[in-house]
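Protein chains in written order, with this note's numbering: chain A, 27 to 333; chain B, 3 to 394.
Derived CB-CB ranges, DEER-like:
#1 B/R388 - A/Q244: 50 to 58 Å
#2 B/T383 - A/T98: 21 to 29 Å
#3 B/S310 - A/G50: 37 to 45 Å
Here are the computed lysine to aspartate or glutamate pairs in the EDC-like style, where the Cα-Cα straight-line distance is at most 20 Å:
#4 B/K231 - A/E79
#5 B/K11 - A/E158
#6 B/K4 - A/E103
#7 B/K231 - A/E158
Pulled from the structure, derived: some chain B residues nowhere near chain A, Cβ distances all over 10 Å:
#8 V32
#9 I37
#10 M67
#11 A130
#12 S164
#13 K276
#14 D282
#15 Y344
Read the hints as simulated data drawn from the structure, not as lab findings.
Ideal Cβ placement from N, Cα and C applies to all residues, glycine included.
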Amino acid sequence: MAEETIIEVNDLKKHYGNVKAVDGISFKVLKGEVFTLLGPNGAGKTTTLEVLEGLKAHDSGKIAMFGKTLHTTVPREIRERIGVVLQENNFIEHLTVTEILKMFRNLYPTPLKIEEVLEIVSLQEKRKARVEKLSGGQRQRLAIGTALIGNPDLIFMDEPTTGLDPQARRNIWDMIEKFKNSGKTIFLTTHYMEEAEVLSDYVYIMDHGKIIAKGTPQKLVSSFGGDKIIEARVNTNNDKIIGLKEIFSDIEIEESKVIFGASDLPKTMKSFLDWAEANSIEVEDLSVRQSNLEDVFLKLTGRSLRD
Amino acid sequence: MKRVFAIFKALFLSNLKSPASLFWTIIFPVMLLLILGSIFLNVGKSVSVKVAVVNESSTFKGTNMDFASHIVKALKDMSKATDDKTPLLTIESGTTQSFLQNSIKELKIDKIDAVLVIPKLFNTYLYARALHFPSKVKNESLVIYTQRNSQSSNIAFSILDSVVSAFNREFMKHSGVTNIVIPETEYVSMGKGSSFSYVKFLVTGIIVMAFMTVALFGVTDDLLVQREKKVLRRIFVAPVDRSHYLFGMTLSNVVLEFVQLALILVVGIWMGAKLKFGPDAFFYLLLTLFVMMPLGFFVASFAKSANSGNALASIFNFLFMFLGGLFFPISGVPFALKVVAYSIPTTYLANGLRDSMGVSPSPTPTYLNILVPIIWAVVMTLYSIRYFKWEV
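If we strip away everything but chain A, and leave its shape as in the complex, we get (with noise of 0.2 Å):
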């Protein structure tokens, strides 16, 4: 059975002015997978979520979702069958967990169960709270409630997880799982790699309004990479070191600390071992790891994700 596009984007544009936030990207997102656009802050990543959920009109460039064309807004009926959590999500104050969740159901045709809702985001203890007692995760596990609550086919998610600790990032990557389990389709954006690396089926990563680079979190990894990369930190001074560009073209030179990648770990680090030994520099200290969507950013674009 061919895979159900549920959006397809060509060649969108927006900009500001001068300012091209979005230029000229195009995508495909599958039902039930969870799509990540990963890029640093600027990047133009919610522009481009803005336009698909109807809060901004695109320059141009062609949108269809669920199979529609979309012109300037996003269509009711559209509109019933996607839920969203924003980067910033605010409520009617004074009313209570509950109430809030009652408001957006009753704007859906086919809503899930209040209680339901609750449990899926873990806040059936603070039913009866205020919004504004909530604390940070709370708050964001409503905005997904609010999100779930039509029982939405796509949900757009702006950043999730931002400003939130890490066991609150935690589960709420658990819930976007169960999502993503239960036949949804998730379009996310994020600016923490490992974020897109561990929930993402596929991932485009953004900079400038552009693509800059696309495929399955692995598949990105090992071709910008390579699988592995090593880390080592020797007791000599860069003179020395600047040697070891010829040898390795992808080096990363800090200080005494040394980064590169290893498509074949054996041969690569028995190179790296020969020249440390040919040149009688010591190796202090000496770690491999999986590389990964950080370091292909840094390779891209010679910034880290989070400049």
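Given the coordinates of chain A, assemble chain B onto it according to the supplied hints.
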């Protein structure tokens, strides 16, 4: 409709649960009514009432049997200031028919509060009663003229009535005859109808103020604050159209206004304001409701942020409240302010409402009372449609 109702319920509930909104929209108008109302009632008590006494009695003059003179003296004693306190009443007395005619004329135009008439054969009648000749003597009763629906007139009547009762008690003690003098009450009415009552004036003014406050601050909150806090964004990515939100929000404010209206009327009636409720009164209430709402939309469209919106709403609120003559008549204000007063909608709404509820006849013509507020509403609606931004 389900969506409009969902938005309405959430916003209305939020309003009811918000201490600030509850205070300003529900408690404050009632408090203001009670405070201003009670200040007036106290003023009414400390300022003395004016009474004209027409002593037509002509028999037994200068003797012990001149009962009429005792009554006049008792009243005159009460009109003397004691212990630096304002006397309860001021007395004008006379004996002639023309004095009586003149006094009744003055009563009609509110210059005095009551007229007491002691009839010609009053002393003779009482003397005959004391001697137990009731059947042979024509009842010569005291007559008190007062104005219906006038607070001060009522106070004057009570004073006169208590003086007569005291006289009855004294007379009974000496003669053993009961129920001698029962004053007859005659009502006169003002040329224009019923007399002016400040409580009624205040209640109608506060209704206009309450509607205005909800429209100004309620709409500013529902549009500007929710926009700034990105609540609107969150709602509009759900299957909600802007019209759903607008209707839900308007409904929430209108219901709040009806709650206010009911509360103000209950307190107002308890304070003694007897208001007329005809179809024209309902018309003006609805007009006020629908004319004030665009004012809120205007503020929300003109102001860039929730803070500046609140400041602008406060300016409108104060200007329209005081210059609209909602609490005090504006007849005494300087010319420049009068120009402003006669260009703002609250002046006309209050005039129309007061006229229709039987408070006081409108100093402005009916067509202006309807037209001026509608012009404001249309202009502000057009401005809002043109300039309101759902997104910032």
